[in-house]
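Undergrad: Each chain, letter by letter, is given below.
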Amino acid sequence: MENLILRLKEEIIEVLNLEDVKPADIDENAPLFGDGLGLDSIDALELIVLMEKNYGIKLKDPALGREIFKSVKVLSDYIAANRTK
Amino acid sequence: MNSIYINSIKHISAQKPLSDEWFDEPVQNSENYVRATDPDFKQYFAPNTARRLGKILKRALLVSQAAMKNDDVSQPDAIITGTGLGCIENTELFLDKMVREGEELLNPTQFMQSTHNTVSSLVAIEAKCHNYNMTYSHKGISFECALQDAFLQMQSGKIQNALVGAHDEMTPAYFTLLKKVGYLGQSNQTFAGESAVAMMLSNRKAKNTFCKIDAIEKVYNGFGLPVKPAMTYTGIDFVMVGTNGVAENDNIYFENCVRLFPNVPLLQYKHIFGESYTAPAFGVYAAALCLKNGKIPGFLFAEKGADCKLASAKILCYNQFEGKNHTFILLSNV
Chain V
1 MENLILRLKE EIIEVLNLED VKPADIDENA PLFGDGLGLD SIDALELIVL MEKNYGIKLK
61 DPALGREIFK SVKVLSDYIA ANRTK
Chain R
1 MNSIYINSIK HISAQKPLSD EWFDEPVQNS ENYVRATDPD FKQYFAPNTA RRLGKILKRA
61 LLVSQAAMKN DDVSQPDAII TGTGLGCIEN TELFLDKMVR EGEELLNPTQ FMQSTHNTVS
121 SLVAIEAKCH NYNMTYSHKG ISFECALQDA FLQMQSGKIQ NALVGAHDEM TPAYFTLLKK
181 VGYLGQSNQT FAGESAVAMM LSNRKAKNTF CKIDAIEKVY NGFGLPVKPA MTYTGIDFVM
241 VGTNGVAEND NIYFENCVRL FPNVPLLQYK HIFGESYTAP AFGVYAAALC LKNGKIPGFL
301 FAEKGADCKL ASAKILCYNQ FEGKNHTFIL LSNV
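Protein sequence lines, in the order shown, are assigned to chains V and R.
Mapped onto my numbering, the consecutive letters of the first sequence carry residue numbers 1 to 85.
Mapped onto my numbering, the consecutive letters of the second sequence carry residue numbers 1 to 334.
FYI, nobody ran anything at the bench for these hints, they're computed from the structure.
Be aware that a few hints might be false.
As the list claims (entries may be wrong) - Derived PhoX-like pairs (lysine-lysine); straight-line CA-CA distance at most 25 Å: (1) V/22 x R/42; (2) R/205 x R/69; (3) V/60 x R/97; (4) R/97 x V/85; (5) V/9 x R/97; (6) V/22 x R/58; (7) V/70 x V/53; (8) V/58 x R/97; (9) R/158 x R/212.
What the hints assert, rightly or not - Here are the simulated distance ranges between beta carbons: (10) R/51 x V/82: 25 to 33 Å; (11) R/95 x V/60: 21 to 29 Å; (12) V/10 x R/221: 50 to 58 Å; (13) R/105 x V/24: 24 to 32 Å; (14) V/58 x R/187: 51 to 59 Å; (15) V/35 x R/105: 23 to 31 Å; (16) V/45 x R/222: 43 to 51 Å; (17) R/105 x V/10: 16 to 24 Å.
Even for Gly, the Cβ is constructed at its ideal location relative to N, Cα and C.
So here's chain R without its partners, still in its complex pose (with noise of 0.2 Å):
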């Protein structure tokens, strides 16, 4: 089996773009929906690229360029994309056009840009790659699937790099619909947020890896019974999970950690990162850079504590998503 690594993430989120800054100085967010902290697009794109691109696509493009070129890679063997709701924005304009104007006269941008498959194609376009290019769109667990589809790829010998990306936006009205049915904006509940967050991961290790990917497993438990890993997980240090307010998401967290990793301290990132359908992502961010520091920040204990040093560790990268599905990615320091 061929070892995995990380060798290179890149964010644009409520914390400062590009930057791994909110890991000493975390950027407190009180609302209860929070819209990324965007850098100035002007920058990094000509005007005749940017003007078409909805605020995903720009994200997108840009964490990925950058991703890409802090591991000197031009051209990934595979660009694997996790979203759960895909340019939303565009759909959303488009939808709206569709009704007011009676399915006639409708634009052809928007429309090209209402699918979910656009980000990782226009990677792919301006990168001139014409490699495997994959999309997952499964709601909380979209990030994952995409992580495992590399990681299994990779470790077959399939391919040798590949980037994978997790990105959503979250509009005012969609927000507002996901408050009415409770999934976000609630009392207590970790802000809204959107995710733009690529990495790439190699067999190569590099002066710049971040840890390597021991495993990555999903488990689906759509029948109440207690949820049963395949693998099992000895020797973790901490486990991060998706922790985010909402006593019924959490406590599924807690039970199963505690029955599961007894003893073992529970690490969370959405209070830093907020709530989206790829927040998952910022969890393996997170524990990432923890593993590439040598240190916890104290903020990111879930029963908050005082940094900590690391010297060798393992973190455990647990999400559930309606209490249904489960996924487990294992990380070590290199």
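Next up, chain V with everything else stripped away, as it sits in the complex (with noise of 0.2 Å):
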């Protein structure tokens, strides 16, 4: 698990373009949007190519999205459970 959450904050930085952050400054238990990252809907979007991309992951409730994208322990559960490569 800790080695997704690596994975997983590696795969954020570069897919979101977040120069000058580091995988350590990600704390995984803070929230991806609003306060924490400060992620916004774009960045929501490119998530979503980036789970079914990297992980087979096709979501397709968004209401869902709100959960799963609490944080990035979450996510990480999320994938870990649902990943099919």
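Take the two lone chains, each set in its own frame, and fit them into one complex as the hints suggest.
TA: In structure tokens:
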């Protein structure tokens, strides 16, 4: 799980082009949106693409996004339970 | 008719960014492809603002904001952009992924930023400006179309000021393609460059005013006949032309200038700023700075000469694209 969290942080930094942010800077329990990393709706779309491309997870229910994008920890738990690749 | 002044010009190019230093000490470039010298964008943009912006957008935003600030304008009456290629870097990334990933799983950011009018709209969003917003993409005369739009609206009194931009980036892949078709990278040709130029036009003369725009004209000449401008340009002291070292291109300038403006000395700028679809904006910038400073540096003369002092002067900026589209912009000092 620790490996997945680290990998996820690295992928988020890369896909969202978070310049000057290192994996260690991201609190895995902090909110991804609003406070915390301060991501927005376009970033949510990027994360949906990331999940499908890298882990084979198709997120069809937008309401589910609110739950699983709460934090890196919640996201990694969801990916671990649902990934197909 | 209202008078129209250029009150502020900012650029990012092969020369020192956001600076007029090139006028005294131009950077010499010997490569055939030179990307613009970027400032440290981190000094100007918060990380969250900059992270989604490609190079052309960062450059355009910075020079636009600097040009507006220099003329004490926060929300211009019009934001008008000329761009030949638009956001080509993001377009390439988007199309590349489309091909590789089979038109699935495409990144939204690259899609949003792959349109030509992203530049003008981003400037407006950041300025919270809901006024007239337009983008012209007409290859080598994109900038002149944008400038003419602003000029006509100001002349008729519809608007009082306008931010006019000329923005193009050149990616390695696109340079390779244009080199193959003979548009760039030819032997003796001035380097392929990038452009980010923003200028504030106003009907109000300011202490920083560069010059006055007296006329703008576009002429289409698709039939190989001698170019015939509708306006008569008399009393011109210099003609700023877009010669680039390629005989086929340069001879069009030489032949038309000898016929239309006999004995008027020619100035050039592409050896300083490079060739790009919106390079003519640098011709206007160079001419405007000469008029403001009351001097023409020797290195701008087509036939190299010494520095020349100006008192009262008119400079005509003449650009042609592929021998078919010809544009004339008449500038005078104030």
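Undergrad: Work down the list of hints and note, for each, if the structure agrees.
TA: Going through the hints against the structure:
Pair hint residue 22 of chain V plus residue 42 of chain R holds up; C-alpha atoms about 17 Å apart against a cutoff of 25 Å. A C-alpha spacing of about 15 Å is found between residue 205 of chain R and residue 69 of chain R, which places the hinted pair at or below 25 Å, so the restraint holds. Restraint check for residue 60 of chain V and residue 97 of chain R: satisfied, since their Cα atoms lie roughly 22 Å apart, inside the 25 Å limit. Under the criterion of a C-alpha separation no larger than 25 Å, the hint pairing residue 97 of chain R with residue 85 of chain V is consistent with the structure, at around 20 Å.
The suggested pairing of residue 9 of chain V with residue 97 of chain R holds, with an alpha-carbon distance near 22 Å, which does not exceed 25 Å. Of the pairs offered as hints, the one joining residue 22 of chain V and residue 58 of chain R holds, with about 23 Å between alpha carbons and a cut-off of 25 Å not exceeded. Using a Cα cut-off of 25 Å, the hinted pair residue 70 of chain V and residue 53 of chain V holds, with the two alpha carbons roughly 20 Å apart. This hinted pair checks out: residue 58 of chain V and residue 97 of chain R have alpha carbons roughly 19 Å apart, not beyond 25 Å.
Proximity of residue 158 of chain R to residue 212 of chain R is assessed by CA-CA distance (about 18 Å); at most 25 Å being required, the pair is judged to hold. In this structure the hint that residue 51 of chain R and residue 82 of chain V lie 25 to 33 Å apart at CB holds, the actual value being about 28 Å. Checking the proposed 21 to 29 Å range against residue 95 of chain R and residue 60 of chain V shows it holds: the Cβ atoms sit about 27 Å from each other. A hinted range of 50 to 58 Å holds for the C-beta pair residue 10 of chain V and residue 221 of chain R, which are about 57 Å apart.
Between residue 105 of chain R and residue 24 of chain V the C-beta distance comes to about 29 Å, which sits within the given range of 24 to 32 Å. Checked against the hint of 51 to 59 Å, the pair residue 58 of chain V and residue 187 of chain R passes, with Cβ atoms roughly 53 Å apart. With their beta carbons about 29 Å apart, residue 35 of chain V and residue 105 of chain R fall inside the hinted range of 23 to 31 Å. Here the CB-CB span from residue 45 of chain V to residue 222 of chain R is close to 45 Å, well matched to the stated 43 to 51 Å.
With their beta carbons about 19 Å apart, residue 105 of chain R and residue 10 of chain V fall inside the hinted range of 16 to 24 Å.
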